[in-house]
Amino acid sequence: MFDLDLWREIFQSINKNRTRTVLSGFTVAFAILLFAILFGMANGLSNTFSNAFVDDANNAIFIYTGTTSKAYKGYQAGRQIRLKNEDLDYVKKTYGDKIQYYTGRVTRNVNASFENEKNSYGMRAVHPDHQYLENTKITEGRYINKIDIENKTKVIVIGRLVEEDLFAKTTAIGKYLNLDGIQYKVVGIFKDDGGDNEERMIYTPISTTQRLYGNNDYLDQINVTYNPKMSYDEAIDFGNQITKDLKERFSVDPTDQRAIRIMNMAQANKGTNQITFALSVIIIIIGFGTLIAGIVGISNIMIFVVKERTKEIGIRKALGAPPKAIISIILLESILITTIAGYFGLVLGMGILDWIGPSLETYFITDPKVSTSLVIGATITLIVAGSIAGYFPAKKASKIKPIVALRDN
Amino acid sequence: MLNIRKLHKSYPIGDSSLHVLKGIDLSVEEGEMVAIMGSSGSGKSTLLNIIGMLDEADSGEYILDGVLIKNLTEKKAAIYRNKFLGFIFQSFNLINYKNALENVALPLYYQGLKRKERLEKALFHLEKVGLKPWAHHLPNELSGGQKQRVAIARALAANPKLLLADEPTGALDTKTSYEIMDFIQHLNDEGKTILIVTHEEDIANMCKRIVRLKDGVIMEDINVEQVRAFQNV
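As they're listed, the protein sequences go chains A and B. Residue 389 in numbering that gives the first Met the number 0 sits at position 390 of the first sequence; the count goes up by one each step and never skips. Residue 146 in numbering that gives the first Met the number 0 sits at position 147 of the second sequence; the count goes up by one each step and never skips.
I should point out that these hints are in silico values taken from the structure, not numbers from a laboratory. Careful: at least some of the hints might be erroneous.
Using C-beta positions, here's what the derived DEER-type ranges look like [claimed, not checked]:
| no. | chain 1 | residue 1 | chain 2 | residue 2 | range |
| --- | --- | --- | --- | --- | --- |
| 1 | A | Arg17 | B | Leu17 | 39 to 45 Å |
| 2 | A | Phe287 | B | Glu60 | 36 to 42 Å |
| 3 | A | Phe343 | B | Ser38 | 53 to 59 Å |
| 4 | B | His7 | A | Thr18 | 45 to 51 Å |
| 5 | B | Glu60 | A | Lys398 | 25 to 31 Å |
| 6 | B | His18 | A | Phe343 | 54 to 60 Å |
| 7 | B | Arg114 | A | Ala277 | 55 to 61 Å |
| 8 | B | Asp220 | A | Lys15 | 42 to 48 Å |
| 9 | B | Ile12 | A | Arg17 | 24 to 30 Å |
The structure presented is a predicted model; accordingly, all values stated were derived computationally and were not measured. Glycine included, every Cβ here is placed at the ideal spot set by N, Cα and C.
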C-alpha cells in the first residue's frame, strides 16, 4: 500500500526540520560508517591471513628428506635418506582415499637461452598433479600431462616472467628453449599468485629429468594434498601418520627430527583459522555495538521529535487524525531517515575502504571490503532498526491526548 | 443537535481530586450561537473539551446529533471529531511548517479526500475568509487576525455540524476581535451552530444565548439580543 499523501506529509516534515533530520541522520550514518569500516578491516585482516598461503593449495603436505641424526637398527647416524619413485607409489597405495593429488618433485637450477637472451632459472621436475598443489594457473597452452611422463618428452611449461625475459615480444609457445645445452619445447605459460620467484620457474616432466640427469629415480620431495573433507585435526594426524610410516620404511629412529620432515598446511591453517575466527567474533561484537548505539541514538532523537511535535500531533488529532495516521507519520519518518542515512554511511564507508585500502597493506590489511550479503543484511538491519527506533516514540505519540497537547503553549 | 445531561468531571490532583463539572445540563439546537461564560476555573473550557471529544466525562450523558458519545475508541473519536466538529483555538494552533492552504486542507486529508479535491476545497474556504492571496504563506507570515481566519477556514473545511471556539479572540486586539466575531456571526447567519467559550462580556453579547458557569454548575442560561459585531468595527 503506497500512500503518496502520507509520504508527502513525511517529506514535508523532514524538509521543514532539516537540522533535526540531519542530526539524527548523522548519528545513524556515523554508526553504519564505523560498522562498515570495522567489518572491512576485519575482512582485510583475514584476507591477509588466507593470502599468505595462496601460493600453494591450502591442503598440501610437503615431504622432505635429509640425513639421519641418530643411529638406528644398526645404521649409522649421518645416513642420507633418498626418496624414490617407489616411495611415491607407496604413499599413493597406502593412503588411497585420504590423498587427493600427489606429485614427486626434483629441483635444479638451469641456464636458459633463447637466441641472444640468457638467464638462469629454477626448474621443477614434477608430475601433472603438481599444478593443483602449487596453484599454477595456465594462461596459454597446457601443463605437463601423463603422456609427457610416460614418454619422457622434453617439454617445459614456463612462468610468465620467463617468457617476458627471454621471448620479449614474441610468444614462447611452440618455441624451443635451450636449458643447459638441451632443447626443450615450450608447451605452456603460467602465472602464480606466489610472487615473482614463482613466476620465474620452469616445469618439466619428472621422468624426463630423472633420465637426463643421472638416469635414476630419485625424488627431492613428495608433495600431496590431503582429502579436503578432513578436518584440520584429522589432517594433522594424517601428516603425523605419514611421517611415522616413512620413518619405519626407511629404518629411521622415530625420534629423529631430521631424516624425514613434513610441512603440513593444515597446521598453519588451523592457527590462521583460529585467529581469523577470534577476530571476526570481536569485530561482530564491536560492529553490532556500534549499530545498537546508532539505533539508541535515533530512538532518542525520535522521542525528542515526538515531544517537540506534541502540539502538532494534538492539532492533527483534534482535526480528526486517527492513531494509525500518527504512528505512520513518526514511524515512517524514522525508517526513512535511518535507511537513507544508513545507506549513505554504508556507501561512504565502502568508499573509504576502497580509498585507503591499498595503503593499508603494510598493516596486514589486504583488500578490505564489505561483501554484498553484508550490505543487504545491513540494509535490512537498518530498516528493522528504524522501525524499532521509531515504534516506541510513535506509539507514545499516538497516545497523546489532544487536550494535553493543545494546553501546553 | 447537542444534548448534555448530568455531566460530571473531576481531575485528580495529587491524592485528592478536583471536581470541575458538577452536573451540567445543556441542550443546544441547530443554528444557535451560544456563549459559554465564566471566570477561570469555572469549568467552561473543560465543558468545551468534552463537547469537542478532546476529553471524556466521568459520568452523565452526551448526545451529539443523535449519537451517544461514550467510551469512544481513539479511532472512533477521531472520525467523529473530523465529521462533526470544527475547532477554533485561542492560540490558533496552525501547523507552523505548513502554509495556509495546507493547514486548511489538513482535516480533508484525514477525511480521505484526494489531493486535488482537498486543495480546491481548501482554497474555496480560504477565499471565503478573504485570504485567497495568502494561500501560500506560512503562518508566521500572517497577522494574528489572519491566522485566526485561516483557523476558521480550517474549522469550516470539513463542513462540521458544530463549530467550537475556545476564546477565539483571546489573543487579538479589539478591532481584529470584532472582525473575527463579525465573520463568525455571518457563519451563524448561514445556519452553522456555534459554541464560543469566552470571558469577555462584549464577545458574549455578540452571541444569541449566554450560558454562565460558576464552580462547575450553570448559574444562568439566557437568550440575549445579539449585538452585531460590524457595528463596532
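Here's how the hints hold up against the structure:
{"no.": "1", "hint": "A/Arg17 <-> B/Leu17: 39 to 45 Å", "in the structure": "holds (43 Å)"}
{"no.": "2", "hint": "A/Phe287 <-> B/Glu60: 36 to 42 Å", "in the structure": "violated (57 Å)"}
{"no.": "3", "hint": "A/Phe343 <-> B/Ser38: 53 to 59 Å", "in the structure": "holds (57 Å)"}
{"no.": "4", "hint": "B/His7 <-> A/Thr18: 45 to 51 Å", "in the structure": "holds (46 Å)"}
{"no.": "5", "hint": "B/Glu60 <-> A/Lys398: 25 to 31 Å", "in the structure": "holds (26 Å)"}
{"no.": "6", "hint": "B/His18 <-> A/Phe343: 54 to 60 Å", "in the structure": "holds (56 Å)"}
{"no.": "7", "hint": "B/Arg114 <-> A/Ala277: 55 to 61 Å", "in the structure": "holds (57 Å)"}
{"no.": "8", "hint": "B/Asp220 <-> A/Lys15: 42 to 48 Å", "in the structure": "holds (45 Å)"}
{"no.": "9", "hint": "B/Ile12 <-> A/Arg17: 24 to 30 Å", "in the structure": "violated (41 Å)"}
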